[in-house]
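Student: Residues 1 to 202, numbered by the working numbering, are exactly what the sequence shown covers, in order.
Among the hints, erroneous ones may be present.
Said to hold, decoys possible - Under the rule of at most 25 Å between Cα atoms (straight-line distance), these lysine-lysine pairs were calculated in the BS3-like manner:
no., residue 1, residue 2
1, 77, 16
2, 135, 197
3, 139, 197
4, 135, 77
5, 77, 139
Unchecked claim - Derived CB-CB ranges, DEER-like:
no., residue 1, residue 2, range
6, 25, 173, 38 to 48 Å
7, 50, 137, 41 to 51 Å
8, 184, 87, 19 to 29 Å
9, 9, 33, 20 to 30 Å
10, 138, 104, 20 to 30 Å
11, 4, 137, 13 to 23 Å
12, 200, 79, 18 to 28 Å
FYI, nobody ran anything at the bench for these hints, they're computed from the structure. Here a beta-carbon is modelled for each residue, glycine too, at the ideal position from N, C-alpha and C.
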Amino acid sequence: MLDRYARRLIDPPLNKLGQGLARLSITADFITLSGLFLGVLAAVSIALDAPELALVPLLLSRVADGLDGAVARATRKTDFGGYLDITVDFLFYGLIPMAFVWLSPATNGAAGAFLLASFYFNGASFLGYAILAEKHGHKTTAQGQKSLYYSNGILEGTETIAFFVLLCLLPTYFAPLSWVFGALCFATATLRLYAAKQIFTE
1 MLDRYARRLI DPPLNKLGQG LARLSITADF ITLSGLFLGV LAAVSIALDA PELALVPLLL
61 SRVADGLDGA VARATRKTDF GGYLDITVDF LFYGLIPMAF VWLSPATNGA AGAFLLASFY
121 FNGASFLGYA ILAEKHGHKT TAQGQKSLYY SNGILEGTET IAFFVLLCLL PTYFAPLSWV
181 FGALCFATAT LRLYAAKQIF TE
C-alpha cells in the first residue's frame with residue numbers, strides 16, 4: 001500500500017548511487033547476493049538473541065534490494081537478474097520469522113508458523129498475478145520499474161520491512177504482532193485473488 005510513495009523518496013538517491021556503482025563495474029547480481037548475505041546475518045543475529053544488532057544488516061539488506069535494480073537500470077536489465085532478485089526477496093522474508101521461531105520455539109512457534117503460511121499464500125498470489133498480467137500484456141510502474149508485474153495490496157514491501165524493524169525493537173511481542181500481520185497478509189492475498197477473478201475471467 002505504501003510502496004508507490006516510498007519509491008518516490010528512495011529511487012532518486014538509489015539511482016544516483018547505482019550509476020556510480022555501475023561505473024565501478026559492480027554488477028546488479030552481486031548486490032542482490034550481498035543483500036542476501038546481509039539478510040542471513042540479520043537472521044543469525046535474531047536467532048542468537050541479538051535482535052537489536054540485527055537491525056543494521058536487516059536495513060542494509062533492504063538498501064541492497066533497491067540498489068540492485070538501480071545498477072541494472074544503469075547498465076543492462078536481464079530476465080535472470082529480475083528472477084534472482086524476487087527469489088532472494090522471498091527467501092529473506094522467510095528467514096526473519098524463522099529466526100524468531102528459532103530464538104524461542106515454545107513462545108513463537110505457532111505464531112511464526114501462521115505468519116510463514118500467510119507469506120506463502122501472499123507470495124503465491126503475487127507471483128500468480130504477475131504471470132497472468134504478463135500473459136494479458138498488463139504493465140505498471142507504480143512500484144518502480146520492475147522485471148515482473150507488481151500488483152499492489154494492503155501489505156507490500158514497505159510495510160513488511162517496517163514490521164520486521166518493529167519485531168527487532170519489540171521481540172517479546174513477536175507472537176501478537178505476527179498474528180495481526182499474518183491476518184493482514186491473508187486478507188491481501190484474498191483481495192488479490194478477487195481482483196484477478198474480476199480482471200482475468202474471460
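Student: Hint by hint, say whether it matches the structure.
Tutor: Structure-based check of all given hints:
1. Note on residue 77 and residue 16: the hinted pairing holds, with a Cα-Cα distance of about 16 Å set against a maximum of 25 Å.
2. A threshold of 25 Å between alpha carbons decides the hint, and for residue 135 with residue 197 the separation of about 15 Å falls inside it, so the pair holds.
3. Note on residue 139 and residue 197: the hinted pairing holds, with a Cα-Cα distance of about 18 Å set against a maximum of 25 Å.
4. Taken as a hint, the residue 135 and residue 77 pair is honoured in the structure, with Cα atoms around 20 Å apart against an allowance of 25 Å.
5. Between residue 77 and residue 139 the CA atoms are separated by roughly 17 Å; this keeps the pair inside 25 Å, and the hint holds.
6. Roughly 44 Å separates the CB atoms of residue 25 and residue 173, a value that falls within the hinted 38 to 48 Å.
7. At about 48 Å, the CB distance of residue 50 to residue 137 agrees with the hint of 41 to 51 Å.
8. A hinted range of 19 to 29 Å for the beta carbons of residue 184 and residue 87 is consistent with their spacing of about 24 Å.
9. Here the CB-CB span from residue 9 to residue 33 is close to 26 Å, well matched to the stated 20 to 30 Å.
10. For the pair residue 138 and residue 104, the supplied restraint of 20 to 30 Å is violated, since their beta-carbon distance comes to about 43 Å.
11. The supplied range of 13 to 23 Å is met by residue 4 and residue 137, whose beta-carbon atoms lie about 21 Å from each other.
12. For residue 200 and residue 79, the hinted distance range of 18 to 28 Å is satisfied, since their beta carbons lie about 23 Å from each other.
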